[in-house]
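Residue numbers (my numbering), protein chains in the order written: chain X, 23 to 270; chain W, -11 to 275.
Any given hint might turn out to be false.
In silico SDA-like links for lysine to any residue, alpha-carbon gap of 25 Å or less [unchecked claim]: (1) W:Lys94 to W:Lys163; (2) X:Lys251 to X:Ala50; (3) W:Lys160 to X:Ile101; (4) W:Lys160 to X:Ser163; (5) X:Lys82 to W:Tyr162; (6) X:Lys251 to X:Ile46; (7) W:Lys163 to X:Glu100; (8) W:Lys163 to X:Arg105; (9) X:Lys213 to X:Val128; (10) W:Lys90 to X:Asn75; (11) X:Lys42 to X:Leu68; (12) X:Lys157 to X:Glu122; (13) X:Lys42 to X:Val24; (14) W:Lys88 to W:Leu182; (15) W:Lys94 to W:Ser186; (16) X:Lys96 to W:Lys94; (17) X:Lys204 to W:Ser161; (18) X:Lys166 to X:Ser119; (19) X:Lys226 to X:Ile46; (20) X:Lys134 to W:Arg179; (21) W:Lys163 to X:Val128; (22) W:Lys163 to X:Gly196; (23) W:Lys163 to X:Leu77; (24) X:Lys204 to X:Ser240; (25) W:Lys160 to X:Leu121; (26) X:Lys148 to X:Asp135; (27) W:Lys88 to X:Asp76; (28) X:Lys211 to X:Arg230; (29) W:Lys163 to X:Glu192; (30) X:Lys148 to X:Leu197; (31) W:Lys160 to X:Met83; (32) X:Lys226 to X:Asp258; (33) W:Lys88 to X:Ile46.
Examples of chain X residues lying across from chain W (beta carbon under 7 Å, computed) [said to hold, decoys possible]: (34) Lys96; (35) Ile97; (36) Glu100; (37) Met108; (38) Leu114; (39) Gly132; (40) Val183.
Don't read these hints as lab results, they were simulated from the structure.
Just so it is clear, the structure is predicted and the values come from calculations on it, not from any experiment.
The C-beta atom is built at its ideal place from N, Cα and C for all residues, glycine as well.
Residue strings, one per chain:
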Amino acid sequence: MVKFTARNLNIWFGQIHALKNVNIEVEANEILSVIGPSNSGKTSFLRMLNRLNDLNPGFKMNGELEFDKEEIRKIDVEILRKRVGMVFALPLPLPLSILENVAYGVRMHGEKDRNRISEIVERSLKQAYLWDEVKDRLNVSAFKLSGGQQQRLCIARTLAVEPEVILFDEPCSGLDPISTAKVEEAMLKLKKDYTIVLVTNNVKQAARVGDRTAFFLSGELVELDRTEKIFTAPSDTRTDGYIRGKFG
Amino acid sequence: MRKVKEFFIEKLILICGLASIFFVILIFLFLAREGLAVFKFVNPSNFLFGKNWYPISEPAQLGILPLIFGSLLVTLGAAIISIPIGVACAVYIAEIAPLKIKEILKAGIELLAAIPSVVLGFIGMVTLVPWVKTVFHLPTGLTALSGAIILAFMAMPTIVSIAEDALYSVPKSYKEGAFALGATHWQTIYRVLLPAASSGIVAAVMLGIGRVIGETMAVMMITGNAAVIPQSILVPVRTLTATIAAEMGEAVVGSEHYFALFAIGIVLFIISFIINVTADLFLHKRH
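For reference, chain X alone in the conformation it holds in the complex (with noise of 0.2 Å):
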């Protein structure tokens, strides 16, 4: 099943060009992999799936964008951005306790009821794997926790609010090699019920989890293939000397 499908998409902010006639699409339950230098045009693209892009002031966009068949621009704002999820580089606890900040999401959309939420609480950490380490200080403030806890807790936070897409803007960029793999073992295990976009700086990274893998150069989707094939036998000669090192 197609959960995204951009035909034909332009994105403009004031007179810069930042994504050119992107074709791609995003399959159900898959994790996609966006890489690519910086300016080229990967985070744009991620942020069009919740439209998070519309708070820039000078954004123009044509072409096509649908969400499950529908034209991504007339489904309400808020409910899109509760169905696409998104974790950012940084992890950005609010000032409140770990149980208020994974509950805050669900508070917003209107949850009243104190044991549903703390169902929900319970749940998203465990999908998060951050359970365990925090079962015992749910009071506890947020920044108390490493930067690797509080981006599962961001993960949670997201997961809280039941998406049926996440998508990931460089989640690991500030964490340790530890952290970074329990992340993407969160990652994978969430697959299963989620459909993951993630975007990253780390080609390794995008190898170890990635089903698929695009490459975004200044603005131009140039090559979207099985991860396997991306970093064994890329099609075109930029995306090999991309994955090599060669630029980027």
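Start from chain X and add chain W according to the hints.
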């Protein structure tokens, strides 16, 4: 050579830094010496809680309770008017207004801050005072309410510009994080931006109130200056500041009246000090 230059510049900056503290101490000592002398004539509790301010009758009655109430009433009124409007205005400018309107509004706020207080007082006297008089069917429009409204205008620029700065400096990522969870714009403002900027907003409010309580000219012109404990906001009141400004010129140097005015200065100083310390405590509690 460079070392010598370095040395002199460092010392010069040190002297500048110390000078400000030095002057504050001098002012405070002077104020204390002149003001505390009043307690030779009247005991502190009669001074603070005395209900009658008749400084030139025989014997003089130097109770400043009516003046304290006057100041507090006008300040409270101004705060009730200016805080919600000021904070809402800051939210609008920082978050909602399109770029052009934002520029116009910010310029307007700066302009409001640039109006001298005597001009505001004058405008209040000829427009607001008659209006208050007719609307509430009062014998005079020179009331605490008029003073509070005009002072709200004076506190507004401070509150708006500092609160707007505080809101603007909330990291963009907070906002995106809230939006990404599916929050509406209002939910983002109310649950993320306002709490994140709350220390700055409290500081803005405190500075606004600080400006109000120290303001003299406008209140002297439009509050009626009756040194009576106010029973409502629709009667004339006299503030601490207005009393000093109005009476200092005619008080005989060295008289008990003269010392009493300095003691009022000390009371004002203490009130401002308490406001600043509260603001500080509040700011540091969050860190």
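Results for each hint:
1. Proposed proximity of Lys94 (chain W) and Lys163 (chain W) is supported: the alpha carbons are some 22 Å apart, at most 25 Å.
2. For the proposed pair Lys251 (chain X) and Ala50 (chain X), the alpha carbon gap of about 20 Å is at most 25 Å, so the pair holds.
3. A C-alpha spacing of about 21 Å is found between Lys160 (chain W) and Ile101 (chain X), which places the hinted pair at or below 25 Å, so the restraint holds.
4. For the proposed pair Lys160 (chain W) and Ser163 (chain X), the alpha carbon gap of about 22 Å is at most 25 Å, so the pair holds.
5. Only pairs whose Cα atoms come within 25 Å are accepted, and Lys82 (chain X) paired with Tyr162 (chain W) is accepted, the gap being roughly 24 Å.
6. Annotation: proposed proximity of Lys251 (chain X) to Ile46 (chain X) holds, straight-line Cα distance about 17 Å (limit 25 Å).
7. Between Lys163 (chain W) and Glu100 (chain X), the direct Cα distance comes to roughly 14 Å. Compliance with the 25 Å bound is thereby established for this hinted pair.
8. Of the supplied pair hints, the one linking Lys163 (chain W) and Arg105 (chain X) holds, its CA atoms being roughly 18 Å apart against a limit of 25 Å.
9. Among the hinted pairs, Lys213 (chain X) with Val128 (chain X) is consistent with the structure: their alpha-carbon atoms are about 22 Å apart, no more than 25 Å.
10. Taking the CA atoms of Lys90 (chain W) and Asn75 (chain X), the gap is near 21 Å; set against the 25 Å cutoff, the hint holds.
11. Of the supplied pair hints, the one linking Lys42 (chain X) and Leu68 (chain X) holds, its CA atoms being roughly 14 Å apart against a limit of 25 Å.
12. The straight-line distance between the Cα atoms of Lys157 (chain X) and Glu122 (chain X) is roughly 13 Å, inside the 25 Å bound, and the hint therefore holds.
13. Proximity of Lys42 (chain X) to Val24 (chain X) is assessed by CA-CA distance (about 22 Å); at most 25 Å being required, the pair is judged to hold.
14. Proposed proximity of Lys88 (chain W) and Leu182 (chain W) is supported: the alpha carbons are some 23 Å apart, at most 25 Å.
15. Between Lys94 (chain W) and Ser186 (chain W) the CA atoms are separated by roughly 21 Å; this keeps the pair inside 25 Å, and the hint holds.
16. This hinted pair does not check out: Lys96 (chain X) and Lys94 (chain W) have alpha carbons roughly 35 Å apart, beyond 25 Å.
17. For the hint pairing Lys204 (chain X) with Ser161 (chain W), the CA-to-CA distance comes to about 24 Å; that is within 25 Å, so the pair holds.
18. Taking the CA atoms of Lys166 (chain X) and Ser119 (chain X), the gap is about 9 Å. The hint holds against a cut of 25 Å.
19. Using a Cα cut-off of 25 Å, the hinted pair Lys226 (chain X) and Ile46 (chain X) holds, with the two alpha carbons roughly 22 Å apart.
20. Between Lys134 (chain X) and Arg179 (chain W) the alpha-carbon distance is near 16 Å, which keeps this suggested pair within the 25 Å criterion.
21. Under the criterion of a C-alpha separation no larger than 25 Å, the hint pairing Lys163 (chain W) with Val128 (chain X) is consistent with the structure, at around 17 Å.
22. A hinted pair counts as satisfied when its Cα atoms are at most 25 Å apart, and Lys163 (chain W) with Gly196 (chain X) qualifies at roughly 20 Å.
23. A threshold of 25 Å between alpha carbons decides the hint, and for Lys163 (chain W) with Leu77 (chain X) the separation of about 10 Å falls inside it, so the pair holds.
24. At roughly 32 Å between alpha-carbon atoms, Lys204 (chain X) and Ser240 (chain X) are farther apart than 25 Å, so this suggested pair is violated.
25. Taking the CA atoms of Lys160 (chain W) and Leu121 (chain X), the gap is about 24 Å. The hint holds against a cut of 25 Å.
26. Annotation: proposed proximity of Lys148 (chain X) to Asp135 (chain X) holds, straight-line Cα distance about 20 Å (limit 25 Å).
27. Between the alpha carbons of Lys88 (chain W) and Asp76 (chain X) the distance comes to roughly 19 Å, so the proposed pair stays at or under 25 Å and holds.
28. Annotation: proposed proximity of Lys211 (chain X) to Arg230 (chain X) holds, straight-line Cα distance about 13 Å (limit 25 Å).
29. Restraint check: the Cα-Cα separation between Lys163 (chain W) and Glu192 (chain X) comes to about 18 Å, which is no more than 25 Å; the hinted pair holds.
30. Restraint check for Lys148 (chain X) and Leu197 (chain X): the C-alpha separation of about 20 Å stays at or below 25 Å, so the hint holds.
31. At roughly 22 Å between alpha-carbon atoms, Lys160 (chain W) and Met83 (chain X) fall within 25 Å of each other, so this suggested pair holds.
32. Only pairs whose Cα atoms come within 25 Å are accepted, and Lys226 (chain X) paired with Asp258 (chain X) is accepted, the gap being roughly 19 Å.
33. Note on Lys88 (chain W) and Ile46 (chain X): the hinted pairing is violated, with a Cα-Cα distance of about 38 Å set against a maximum of 25 Å.
34. Annotation: interface hint on Lys96 (chain X) violated; nearest CB of chain W at approximately 17 Å, more than 7 Å.
35. Given the 7 Å rule on beta carbons, the hint for Ile97 (chain X) is violated: about 12 Å separates it from the nearest Cβ of chain W.
36. Proximity of Glu100 (chain X) to chain W holds as hinted, the smallest CB-CB distance being about 5 Å (cut-off 7 Å).
37. A hinted interface residue such as Met108 (chain X) counts as satisfied when its beta carbon comes closer than 7 Å to some beta carbon of chain W; here the least separation is about 4 Å, so the hint holds.
38. Taking 7 Å as the C-beta contact cut-off toward chain W, the hint placing Leu114 (chain X) at the interface holds, the least distance being around 5 Å.
39. For Gly132 (chain X), the suggested interface contact is broken, since its CB lies about 11 Å from the closest CB of chain W, more than 7 Å.
40. Given the 7 Å rule on beta carbons, the hint for Val183 (chain X) holds: about 6 Å separates it from the nearest Cβ of chain W.
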